[in-house]
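Protein chains in written order, with the working numbering: chain A, 920 to 1272; chain B, 920 to 1272.
One should not assume that every hint holds.
For chains that are exact copies, the list does not tell them apart, and a pair is met inside one copy or across any two.
What the hints assert, rightly or not - Listed next, the in silico SDA-like pairs over lysine to any residue satisfying Cα-Cα at most 20 Å (straight line):
1. K993 / R1036
2. K1173 / V1256
3. K993 / G1196
4. K990 / V935
5. K1255 / D1171
6. K1193 / A1220
7. K993 / L1240
Honestly, the hints are just simulated from the structure, not real lab data.
Computed from a predicted model, the values in this text were never measured in an experiment.
There are 2 protein chains.
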Amino acid sequence: MRKSEPPEPEAAARSVTIQDVARRAGVSTATVSRALALPERVTEATRAAVFSAIRETGYTPNAAARSLRAKSTKMVLVLLPGIGNSFFTPVLNALEEVFTEGGYGVLIGYTRQSRSRETHYARVIRAGQVDGVLVVTGNVPRDEEFVSVPDTVPVSLMFSEIPGTPQFSVFDVDNRGASAEAVRYLISQGHRRIAHIPGAEGGLEASERLGGYCDAMREAGLPVDPALIWRGASNFDFASGERAARDYFALDEKPTAVFAAADEIALGFMRALKNRGVGIPADVSVIGFDDTEYAVHYDPALTTMRQPRNEMGRLAATDLLRRMATGRDGTVPTLKVRLACELVVRESVRAVE
Amino acid sequence: MRKSEPPEPEAAARSVTIQDVARRAGVSTATVSRALALPERVTEATRAAVFSAIRETGYTPNAAARSLRAKSTKMVLVLLPGIGNSFFTPVLNALEEVFTEGGYGVLIGYTRQSRSRETHYARVIRAGQVDGVLVVTGNVPRDEEFVSVPDTVPVSLMFSEIPGTPQFSVFDVDNRGASAEAVRYLISQGHRRIAHIPGAEGGLEASERLGGYCDAMREAGLPVDPALIWRGASNFDFASGERAARDYFALDEKPTAVFAAADEIALGFMRALKNRGVGIPADVSVIGFDDTEYAVHYDPALTTMRQPRNEMGRLAATDLLRRMATGRDGTVPTLKVRLACELVVRESVRAVE
DNA sequence: CGAATTCTTGTAATCGATTACATCTACCGT
DNA sequence: ACGGTAGATGTAATCGATTACAAGAATTCG
């Protein structure tokens, strides 16, 4: 507002560069750069001069110039599937926190299961716009030109692994084992006729959870009845649960318990049943998977298998930070971390007989 | 895999630059650049040579170099408050979609109401790392050095405005008017004794919604009873609603209806009441605000005022795109867009008397 | 006291793309 | 046929920071 800086009469709107600081402090640009990067390498006096020049000009180093020279952008790309699912909210929260703490920015991308978007993000990676990639469920983006993601950029996977990719770190849970444990819990409560609502077909998680359901049933000597496996889920969402409710009502011999592949599916299912006067857990017990925010607040509160989403996010981010920090020699070992799920007993399952 | 490129025997791991493409196509770097940016300005033949060289080498222009020269990064910063609230999930979805469509990347930042984080993001902006900023609720980051966000970077606000800032575009709703409308609806259903659970104090939205509640009560000649305004919300979350339930039970003369400043507050409140045998809407009617994902799936489904979050996101992103595209002359007019909320009648309010 | 060493600072190359300007070729009209 | 113009391409400056190397100043040590 005040007109108290008349060094350059014309150039007013231009942003302040390291040159301006150097001129003002009476040193070279190299010294300014050093004062910033290695303060102990410059004299007390010069350091003071440089810092006061920085303060007076309001200088901030240009990110693009720095990236160009350093060949590092200090940014990571977090790829999410991007259906409006709040499952990922706490994950993103954990990631942002750890990455910001480590000096990295978080660029997000929603792949939306679209090929063109994957190609788009492959190009972002190849343009050197990010130093690392975190794929939160889904596929690693590949380019139409067969040019895969360069091996110089570390990539990590969360929630679902891609078999045969030792070059990626993986952070997931034992979906099959945890699902079996959930079903075993229902069995321990006296349930014998147990249905399953799987997630969308094609996903590795969904088929693993279905596998766990089958494991537990067989292990207990119970039949795996196709009529009790309600296909047709389009996603891990309410609508899939509501759709499954139709299968429930169409059935003559009802199950006494249901294992849903995700909390949102369980909630949608419960809602549909309650709407038509079916009591939960009075008439049907329901167990979910994930332990999302709403599981505990629903009525009845949902019994579910918890995925430690926050911890997984923190671990995945920390690992990626480590791999990005270590030289690009490709010698940094990747991690395959499988975390334990935890059964959270609440109100939606009751003991029978 | 094949060893068919022996121009540089040593340099193998280096990434491919425009130089490599130029050499391979037998043209200058300028021509390569032109073939990419203005294809009609080069000969058919050269264009073909350049493109095939690009395909063979797998070239992708380096983002940092481009940004440095063009003084534009094609990225926007989206600042979120970052309490683990899924209210913002669909907003982020809409933003990512529009920005990606427009050729911009989305860098996210969670301010978490922390000064140091605001400073951090102020530095990101000043470093020229983004071409625009979208502040989704909360404060515009400022630096400790009093150097504000440069006026060359367009900034937009969503959900809450900051009075006296014509340089920012704003996209919000009429919180006060919509709240009054919600309360008027309760009154129209015969309710006279109506309580309010405000959001966290200090926020503009919370006080506007409280104001709307008061407006509607006064307008109907009803008393604004301080005992019916339950303070102590720490946020727009379940816990605040549960806390408010204590105030409800402590009251001798119960209200017949409650207006909660947010859906999550309403849900937490409802849950706490149902837990102790209070019927909703049999004993108490509840109306929320926002129409988040879970409002429709709760039991009873929540009657609420819908904020058009998706549309707001799309509009805000489109406006920012426009402001970034137009020259940096500061001559691009900002927008103040106030969208209408919509009453969504579901099951949680009943008519009395 | 002078030579060797260390410390501090400056000069200039570099990162990879874009683009103003120069140059050269081809084609036009008269 | 010749000057003029349009079109295609190349040369080199530029964006803003980092850093290898050089050079000068200060310190140490025999």
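Evaluation of the provided hints:
For the homomeric pair K993 and R1036, the shortest alpha-carbon distance between copies (17 Å) is at most 20 Å, but the shortest distance inside one copy (23 Å) is not. Neither within a single protomer nor between protomers do K1173 and V1256 lie at most 20 Å apart by alpha-carbon distance, with minima of 39 Å and 53 Å respectively. In this assembly of identical chains, K993 and G1196 lie within 20 Å of each other by CA distance neither inside one copy nor across copies; the values are 55 Å within and 54 Å between. Taking the closest pair of Cα atoms, K990 and V935 come within 20 Å of each other only across two copies (13 Å); inside a single copy the shortest separation is 23 Å, beyond that limit.
In this homomeric assembly, K1255 and D1171 never come within 20 Å of each other (Cα to Cα): the closest approach is 45 Å inside a single copy and 58 Å across copies. In this assembly of identical chains, K1193 and A1220 lie within 20 Å of each other by CA distance both inside one copy and across copies; the values are 14 Å within and 12 Å between. Taking CA atoms no more than 20 Å apart as the test, K993 paired with L1240 passes inside one copy only; the shortest distance there is 10 Å, against 25 Å between copies.
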